[in-house]
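*Asks:* Now for the letters of each chain:
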Amino acid sequence: MTKALEIKQLRKVFDNGFVALKGIDLNVEEGDFFALLGPNGAGKSTILGIVSSLVNKGEGKVIVRGHDLDTDREGVKRSLGVVPQEFNFNSFEKVQDIIVQQAGYYGLKRKLALARSETYLKQLDLWDKRDVPARLLSGGMKRRLMIARALVHEPRMLILDEPTAGVDIEIRRSMWTFLKQLNRQGTTIILTTHYLEEAESLCRNIAIIDNGEIVTQAPTKELLKGKQRSTYVVDVRGTLTTTPELEGFHSRLVDDHSLEFDLTSEQTLNEVFSQLQAKELEVVSIRPKTNRLEELFVDLTTHSKQEVGA
Amino acid sequence: MNHPYWVAFSTIVYKEIRRFTRIWVQTLLPPGITMVLYFIIFGNLIGSRIGTMDGYDYMQFIVPGLIMMSVITNSYGNVSSSFFSNKFQKSIEELMVAPVPNWVIMLGFVTGGAARGLACGLIVTILSLWFTDLQVHNILITLSVIVLTAIVFATAGLINAIFATKFDDVTIVPTFILTPLTYLGGVFYSVSLLPEVWQWVSKLNPIFYMVNTFRYGIIGHSDIPVLGAYAMLLMFTALLMSWALYLLHTGRGLRS
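Residue numbers (this note's numbering), protein chains in the order written: chain D, 24 to 333; chain X, 2 to 257.
Honestly, I wouldn't trust all of these hints.
Stated by the list, open to error - EDC-like, lysine to aspartate or glutamate: derived pairs with alpha carbons at most 16 Å apart:
1) X:88 x D:109
2) X:88 x X:169
3) D:84 x D:95
4) D:31 x D:52
5) D:302 x D:268
6) D:26 x D:55
7) X:91 x D:52
8) D:302 x D:258
9) D:165 x X:95
Stated by the list, open to error - If the Cβ cut is set under 7 Å, some of the chain D residues that face chain X in the computed set are:
10) 75
11) 76
12) 77
13) 78
14) 79
15) 101
16) 102
17) 105
18) 113
19) 124
20) 125
21) 128
22) 130
Stated by the list, open to error - Label-pair distances were calculated between CB atoms; the ranges are:
23) D:50 x X:4: 29 to 37 Å
24) X:236 x D:40: 38 to 46 Å
25) D:133 x X:184: 18 to 26 Å
26) X:4 x D:310: 55 to 63 Å
27) X:244 x D:40: 22 to 30 Å
28) X:25 x D:158: 14 to 22 Å
29) D:254 x X:170: 52 to 60 Å
30) X:45 x D:161: 52 to 60 Å
31) X:4 x D:161: 35 to 43 Å
32) X:139 x D:146: 42 to 50 Å
33) D:310 x X:170: 50 to 58 Å
34) X:25 x D:220: 49 to 57 Å
35) D:135 x X:45: 48 to 56 Å
36) D:188 x X:250: 30 to 38 Å
To be clear, the hints were calculated from the coordinates, so they are not data collected in a lab.
Even for Gly, the Cβ is constructed at its ideal location relative to N, Cα and C.
Generate coordinates for the entire structure from the input sequences, incorporating the hints supplied.
*Replies:* The structure is reproduced here in structure tokens:
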């Protein structure tokens with residue numbers, strides 16, 4: 024089966040000598056919902072920039088749905104829809120004109136372009152704004168405009184570089200729903216994000232990149248399964264004056280109503296509840312201290328930095 | 002025509018034409034006003050005291066040069082400002098991610114720029130009819146020279162925009178190179194009035210050939226052989242287009 028994206032030994036050195044990518048290997052299966060995570064400056068946008076022809080490729084191979092970027096750049100471009108991190112449309116143009124124009128660049132005739140623009144603007148709740156100059160849209164609307172623009176030629180693969188940055192929670196959730204639906208219809212989606220909750224809830228596979236190298240690449244579930252330790256916070260009824268001793272658990276007092284403790288993959292929450300109950304402490308609520316993926320991300324990227332520093 | 006490249010080309014041209022017609026007060030009106038002032042001041046007021054130039058009424062003599070001047074500055078200015086704005090706003094990325102070959106991008110912008118240059122040339126030509134009788138000596142030469150000139154300068158404007166990193170960079174070339182070359186290109190005088198050494202220097206100026214050939218097309222007079230001017234125009238077109246294509250291919254100023 025043809026892979027949606029194959030990257031082999033991709034290396035990128037910028038003119039100022041900065042080595043952004045140090046020989047990356049990355050594979051994304053057809054129909055996948057894939058997240059590329061990493062701290063700022065790790066190389067995520069450089070990878071997506073090279074794949075979408077916005078950054079010159081260095082050494083290595085980039086193959087999109089069987090089209091080699093070196094020999095069939097047009098084939099690569101036709102397979103892709105690109106939603107960049109920064110707004111990159113003419114803000115004086117009207118919303119629908121931006122979409123229709125992009126369709127024209129892909130060779131779609133005006134009649135079809137108008138029909139497609141209507142479809143995607145409606146799907147992304149922008150149809151009412153079709154005659155509004157793009158500069159008058161809110162941040163969330165501008166992001167959705169870029170998604171509609173990237174879809175107008177109905178690509179088999181969609182690349183989104185931080186699609187929900189600066190978007191409020193409600194719109195972010197509606198964008199998630201839209202992207203999930205698009206993925207269910209067969210579009211391969213690759214995204215970068217700083218919201219790890221987003222990656223955890225949307226993506227089936229994740230790669231974490233740091234310092235121009237892939238630190239790990241695995242299915243999201245497997246990655247999280249491999250997570251050895253999680254921290255939870257419990258709120259109890261009544262006042263805590265000292266830290267209750269929980270046998271086998273490392274616990275800390277957060278405030279006089281809350282307690283946090285670490286849970287390894289061999290331990291269960293039932294054991295904690297039993298011990299708290301034995302101490303006549305009634306649990307009101309419990310929550311993970313941080314997102315599990317966030318903890319893993321910090322673990323992996325910190326570890327990688329320590330190795331680099333060593 | 003259904004070919005995707007044709008659709009992409011016409012999309013770029015349509016966008017470019019819509020851009021300069023939407024802001025016509027900034028793009029189409031100023032050359033009209035400037036040239037009317039030239040016609041009144043140089044043609045009517047001063048021209049009436051100058052008398053004839055190479056046997057032609059002074060107004061008749063300067064009109065072809067002034068039409069050419071507006072075509073040159075507007076073809077150049079349209080592409081340099083539009084392409085640079087696209088770079089500045091990053092909307093050029095819309096084209097970079099799409100399967101549009103570099104030659105289609107180049108031809109699209111150049112056609113858009115040439116269209117504005119020719120539109121301004123037409124406006125100035127119509128306005129000139131208020132001041133003089135314009136009888137075209139050779140329509141084929143007139144049209145071919147003006148179209149080729151518009152293409153040459155639109156391509157030059159594209160190259161300027163590719164190199165430009167700030168808005169100042171798109172005004173430097175028109176101010177310090179294009180305007181002096183145009184004024185010294187025989188728009189207002191016959192080169193035969195100059196001392197021999199300056200006649201020789203004038204012949205190094207490509208605009209001199211364009212103005213003279215266009216003037217030949219309209220009034221039937223030129224300071225230089227027309228065929229040589231065509232050769233120069235075609236050479237400039239080929240050289241500048243090759244350079245622009247090379248720059249787009251390497252991603253100069255567009256891709257890091």
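*Asks:* Next, verify each hint and record whether it holds.
*Replies:* So, going through the hints one by one against the coordinates:
1. Proposed proximity of residue 88 (chain X) and residue 109 (chain D) is supported: the alpha carbons are some 13 Å apart, at most 16 Å.
2. Restraint check for residue 88 (chain X) and residue 169 (chain X): satisfied, since their Cα atoms lie roughly 14 Å apart, inside the 16 Å limit.
3. Using a Cα cut-off of 16 Å, the hinted pair residue 84 (chain D) and residue 95 (chain D) holds, with the two alpha carbons roughly 12 Å apart.
4. Our distance criterion of 16 Å between C-alpha atoms is met by residue 31 (chain D) and residue 52 (chain D), whose separation comes to about 14 Å.
5. A hinted pair counts as satisfied when its Cα atoms are at most 16 Å apart, and residue 302 (chain D) with residue 268 (chain D) qualifies at roughly 9 Å.
6. Distance restraint check for residue 26 (chain D) and residue 55 (chain D): the Cα-Cα separation of roughly 10 Å lies within the 16 Å cut-off, and the hinted pair is therefore satisfied.
7. Restraint check for residue 91 (chain X) and residue 52 (chain D): the C-alpha separation of about 31 Å exceeds 16 Å, so the hint is violated.
8. Distance restraint check for residue 302 (chain D) and residue 258 (chain D): the Cα-Cα separation of roughly 14 Å lies within the 16 Å cut-off, and the hinted pair is therefore satisfied.
9. Of the supplied pair hints, the one linking residue 165 (chain D) and residue 95 (chain X) holds, its CA atoms being roughly 15 Å apart against a limit of 16 Å.
10. A least Cβ separation of about 5 Å between residue 75 (chain D) and chain X falls short of the 7 Å threshold, and the interface hint therefore holds.
11. At about 6 Å, the closest approach between the beta carbon of residue 76 (chain D) and any beta carbon in chain X falls short of 7 Å, and the interface hint on this residue holds.
12. Nearest Cβ of chain X to the Cβ of residue 77 (chain D): about 6 Å, under the 7 Å cut. The hint holds.
13. Taken as an interface hint, residue 78 (chain D) checks out: its beta carbon lies about 6 Å from the nearest beta carbon of chain X, inside 7 Å.
14. Interface hint at residue 79 (chain D): satisfied, since its Cβ lies 5 Å from the closest Cβ of chain X, which is below the 7 Å cut-off.
15. Hint status for residue 101 (chain D): holds, given a least beta-carbon distance of 5 Å to chain X, under 7 Å.
16. The criterion of a C-beta within 7 Å of any C-beta in chain X is not met by residue 102 (chain D), whose closest approach is roughly 10 Å, and the hint is violated.
17. Look at residue 105 (chain D): its Cβ gets to within about 5 Å of chain X, closer than 7 Å, so that hint holds up.
18. The criterion of a C-beta within 7 Å of any C-beta in chain X is met by residue 113 (chain D), whose closest approach is roughly 4 Å, and the hint holds.
19. At its closest, the beta carbon of residue 124 (chain D) sits 6 Å from a beta carbon of chain X; the interface hint therefore holds under the 7 Å criterion.
20. Because the closest C-beta pair between residue 125 (chain D) and chain X is about 6 Å apart, less than 7 Å, the hint holds.
21. With a least beta-carbon distance of about 4 Å to chain X, the hint placing residue 128 (chain D) at the interface is held under the 7 Å criterion.
22. Interface hint at residue 130 (chain D): satisfied, since its Cβ lies 2 Å from the closest Cβ of chain X, which is below the 7 Å cut-off.
23. Range check, residue 50 (chain D) to residue 4 (chain X): Cβ separation about 35 Å, and the 29 to 37 Å hint holds.
24. For the pair residue 236 (chain X) and residue 40 (chain D), the supplied restraint of 38 to 46 Å holds, since their beta-carbon distance comes to about 40 Å.
25. Remark: the range hint 18 to 26 Å for residue 133 (chain D) to residue 184 (chain X) is contradicted by a beta-carbon distance near 43 Å.
26. In this structure the hint that residue 4 (chain X) and residue 310 (chain D) lie 55 to 63 Å apart at CB holds, the actual value being about 59 Å.
27. Between residue 244 (chain X) and residue 40 (chain D) the beta carbon distance is about 28 Å. The supplied range of 22 to 30 Å therefore holds.
28. Separation of residue 25 (chain X) from residue 158 (chain D) is about 21 Å and conforms to the stated range, judged on CB atoms against 14 to 22 Å.
29. Distance hint check for residue 254 (chain D) and residue 170 (chain X): the Cβ-Cβ separation is about 54 Å, which falls inside the suggested range of 52 to 60 Å.
30. Here the CB-CB span from residue 45 (chain X) to residue 161 (chain D) is close to 56 Å, well matched to the stated 52 to 60 Å.
31. Evaluation of the 35 to 43 Å hint for residue 4 (chain X) and residue 161 (chain D) yields a pass: the beta carbon distance comes to about 38 Å.
32. For the pair residue 139 (chain X) and residue 146 (chain D), the supplied restraint of 42 to 50 Å is violated, since their beta-carbon distance comes to about 58 Å.
33. The hint said 50 to 58 Å for the Cβ distance between residue 310 (chain D) and residue 170 (chain X), and at roughly 55 Å that hint holds.
34. As the Cβ distance of residue 25 (chain X) to residue 220 (chain D) is approximately 50 Å, the hint placing it in 49 to 57 Å holds.
35. At roughly 55 Å, the beta-carbon separation of residue 135 (chain D) and residue 45 (chain X) lies within the given 48 to 56 Å, and the hint holds.
36. Our hint of 30 to 38 Å for residue 188 (chain D) and residue 250 (chain X) holds, since their Cβ atoms are close to 32 Å apart.
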